[in-house]
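Asks: The residues making up each chain are set out below.
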Amino acid sequence: MSFTPMTPADREAMLAAIGVASVDELFADIPAAIRLDRPLDLPPAMAEAEVRRHLIQLAARNADVDRYTCFLGAGAYDHLIPAAVGQLVSRSEFYTSYTPYQPEITQGVLQATYEYQTMIAALTGMDLANASVYDGATALAEGALVACAHTGRDQVVIPATVHPEYRQVTSTYLRHQGLEVVEVPYRDGVTPLDELKARIGSRTAAVVVQQPNFFGGIEDAAAVAQLAHEAGALFIVAVADPLTLGLLKPPGAAGADIAAGDGQALGNNLSFGGPHLGFLAVRQQLVRRIPGRIAGATVDRDGTRGFVLTLQTREQHIRREKATSNICTNQALNAIAAAVYLSLLGKQGVRDVAHQCLQKAHYLQRAMVALPGFAPAWDGPFFHEFVVRTTADPEELTQRLLDHQIIGGLPLGRFYPELADCMLWCVTESRTREEMDRLVTVLEGLS
Amino acid sequence: MTGYLLRGSFPLIFEQGAPGRRGYRLPDLDVPEAPLSELLPEDQQRADEPALPEVSEPEVVRHYVGLSRRNYGVDVGFYPLGSCTMKYNPKVNEWAASLPGFARVHPYQPEETVQGALELMYRLERYLCEIAGLSRATLQPAAGAHGELLGLMIIKAYHEKNGQGQQRTEIIVPDSAHGTNPASAAMCGYRVVEVKSDARGGVDVEALKAVVSERTAGLMLTNPSTLGLFEERIVEIARIIHDAGGLVYYDGANANAILGICRPGDMGFDIVHFNLHKTFSTPHGGGGPGAGPIAVREDLARFLPVPTVERRGDRYYLDYDRPDAVGRIKGFYGNFGVLVRAYTYIRMHGPEGLKAVSEQAVINANYLLRRLAHLFDVPYDRHCKHEFVLSGRRYKKQGVRTLDIAKRLLDYGIHAPTIYFPLIVDEAIMIEPTETESKETLDEFVRIMETIVREIEEDPELVRTAPHNMPVRRLDEARAARQPNLCWCAPVPVDSPSSSDT
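Protein sequence lines correspond, in order, to chains A and B.
Oh and the first sequence: position 36 is 36 in the numbering used here, straight run, nothing missing.
Oh and the second sequence: position 286 is 286 in the numbering used here, straight run, nothing missing.
Keep in mind that the hints are not guaranteed to be accurate.
[Stated by the list, open to error] Simulated crosslink set (SDA-like; lysine to any residue; CA at most 20 Å straight-line):
#1 B/Lys161 to A/His176
#2 B/Lys91 to A/Arg52
#3 B/Lys161 to B/Asp324
#4 B/Lys91 to A/Gly86
#5 B/Lys355 to A/Glu12
#6 B/Lys439 to A/Ala16
#7 B/Lys209 to B/Ala199
#8 B/Lys355 to A/Pro31
#9 B/Lys355 to A/Leu42
#10 B/Lys91 to A/Ala47
#11 B/Lys355 to A/Pro8
[Said to hold, decoys possible] To spell it out: a stretch of chain A is covered by chain B in this simulated footprint if at least three of its residues, at any positions, have a beta carbon under 8 Å from a beta carbon of chain B; those stretches are:
#12 9 to 19
#13 134 to 140
#14 246 to 259
#15 326 to 332
#16 346 to 352
#17 357 to 363
It should be emphasised that the hints constitute simulated quantities derived from the structure, not laboratory data.
Heads up, the beta-carbon is just placed ideally off N, CA and C, and yes, glycines get one too.
Take these sequences, add in the hints, and give me the full structure.
Replies: Given below as structure tokens:
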């Protein structure tokens, strides 16, 4: 095998230095009864050229969003990714590094992480962010646990307009600690304040909204913040696409105590759902409750600025069962990609991306709902995702669009049985007018 | 302008650039523009501009290339970080994960458009099950600790199904365990019971018997242990837990020692996680992403989270209809890009290649242990597996601690081993060379350790104040924790009347 340098001569010399006659002696402490007495039943080894041929064949059986025009969002977004992002995260000093336990030799990752934290705080309008968690769904779950620990209460109120998978993951995490998720139904694609208020009480640790919500609609976050705070609960804003924050009032300005979301949109590939990036940003008073790694600035013995992992007494390797979370490995490289992306886009660029997403989504929505057999599921403002009711069966429509190299919107029946005749469409700045016009033409021909 | 700064402080990206500068240009908007106020209510609009950098592409590239040069990865040099398996990450893995058919695929695409991705996941699950000696697996956990949490949820579901959910409230964890073990148990609502190690570095079986009871939900164990030692009485240990009605969980952090040699399932483990970013060569990314799939024995498969990847004839599909599933622990299906890399690695090695990996990892570790034994105390003097633990306590009399030795190693261009872990060894130094290091590298490491020991005897101050050749000198971690500075803020202009010392 070409990845292991040991020659037969090396092996012999090393075994002699160890003082054993054969490698088997080094495994003699493994009881015979549990030794595997046959080779593993795995396919035989391939050379690099062979494995490449095999992988090209596997990959060719997937429709990628370069060959197909994609109108899916729902938590993973086909935004443009500048070429420099991939180049920079391919610097192997970054990607072949472990967690920066020895800060003096890993200043690069630590400083990039500190920059990432600063950018997430700026984008969300929060005081500080951690170095990342696994994804948007686990970010919300961890945020909910922070709220329960902080308030000493045991319920988290989560509207049905929050991403269904975020809700499922949060509910799974909470249930195992004897904590509870309280769901709130939606009305006209958003969370009704009266329904929400009816479910907030003295056990409420946090109230969550997703902004924009799973349907693309805009929630009245400031009003929810007020309801939560009046009840002594924290307010958590979940964000599936942080690029919307280029135009949208950020969680901090809407009164959030915790912003939890997914940073895939920030320069990370779709990758069939991962690796993405969970971000968690909080107000100052929650700093010692936030889970996971945090990079902080300090000085060396000469007074020179440098960076370290800090506040580690919150973490599992110090506190063990008393830690704020069990998280150890996170999504560091994806966070660096986000920092590079946000540096390239900059102050004006994120505004431009948000602006184009908003404008293009409305362009498509207007054209689509003008078609016979297509109607908006409800009225109200939306950002770059919207729900359309169709007379055609959404699953069948999706199949027929594939014949035209189009990946259509998400049929919603899988998550919301009552919306079985609805689809969730997404338009990012990647989509061109030509692609949208072609979609509308194809839909017209199908109906 | 600052890409060359390898010593001293390095400007933040926020301290560079100029107003109006940008590093990426979008195509012009190609649809008719509607007034913003018609699309987004005024009170929902952002009032301020986010404080992001304003820099051009060349500035961004110099900045992050500069930062990468102030960083160390296994591509740069030896990285013997114990329990982290910092083996070489084959470049073909990166090529594979970047194929558009893998990298540019949306998770909610119709199943017939992702058959290649599902087939890869289906096969990888079978390979990991064969390596683990168990029957089904899920690839969803994003990291080892995430796998642990899921494994504990499955233990809980199993006891609940048997009507013993209320009664079984305790998870037993050895005192040598990774910190994630007790933290995961607590996160799953369990009480943690610690069991001590015996004189040979294994679980103290008598102590184990004393803590096992009808409250025991399970035991979490790493084998080889964090001392790099094989748990010789593993079959007996598993039987003790099983006899008490509990389940046995395998923390796969150290699986690089046993590939094709023995299997956790055959040892008596019921649930196993593997760290694909350790054993199966996927890069650790400076802290992630990883992947921590877990495999389970047949009767526990019903509890695996949704969705599972199934096959009917030639067609692969995702199965969400699993009434006993513990729920969902991650969005979508896991860190797929990491799975592609691990799949590539397993296909390139085959059964003999994987076994050779473990044998060579163990030879490298034992060779290094013997060659370093004259310099340090060896608390458990047996053949080790893929890693071993030394103690630096003899140098305390010169006022030199293990931390100082670790920092001095950095000066010689080597990443320090894991230190002060496991907790049961005083001044611990935990070394894992991996199979991808050559004998010459190991010999060079020994020479450097000998040099440092000589320095401790001749000039201990030199070691105590290390590092000297890094971008920064020893950093004040206490200050970072006491006065947290976690986020950069624009400096207040000097002529401002409100400026004050921050």
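Asks: Would you mind marking each hint as holding or not holding in the structure?
Replies: Each hint, compared with the structure:
no.	hint	verdict
1	B/Lys161 to A/His176	holds, 15 Å
2	B/Lys91 to A/Arg52	holds, 12 Å
3	B/Lys161 to B/Asp324	holds, 9 Å
4	B/Lys91 to A/Gly86	holds, 15 Å
5	B/Lys355 to A/Glu12	holds, 18 Å
6	B/Lys439 to A/Ala16	holds, 13 Å
7	B/Lys209 to B/Ala199	holds, 17 Å
8	B/Lys355 to A/Pro31	holds, 17 Å
9	B/Lys355 to A/Leu42	holds, 12 Å
10	B/Lys91 to A/Ala47	holds, 13 Å
11	B/Lys355 to A/Pro8	holds, 16 Å
12	9 to 19	holds (count 8)
13	134 to 140	holds (count 5)
14	246 to 259	holds (count 6)
15	326 to 332	holds (count 7)
16	346 to 352	holds (count 7)
17	357 to 363	holds (count 5)
When the structure is compared with the earlier hints, no violation turns up for any of them.
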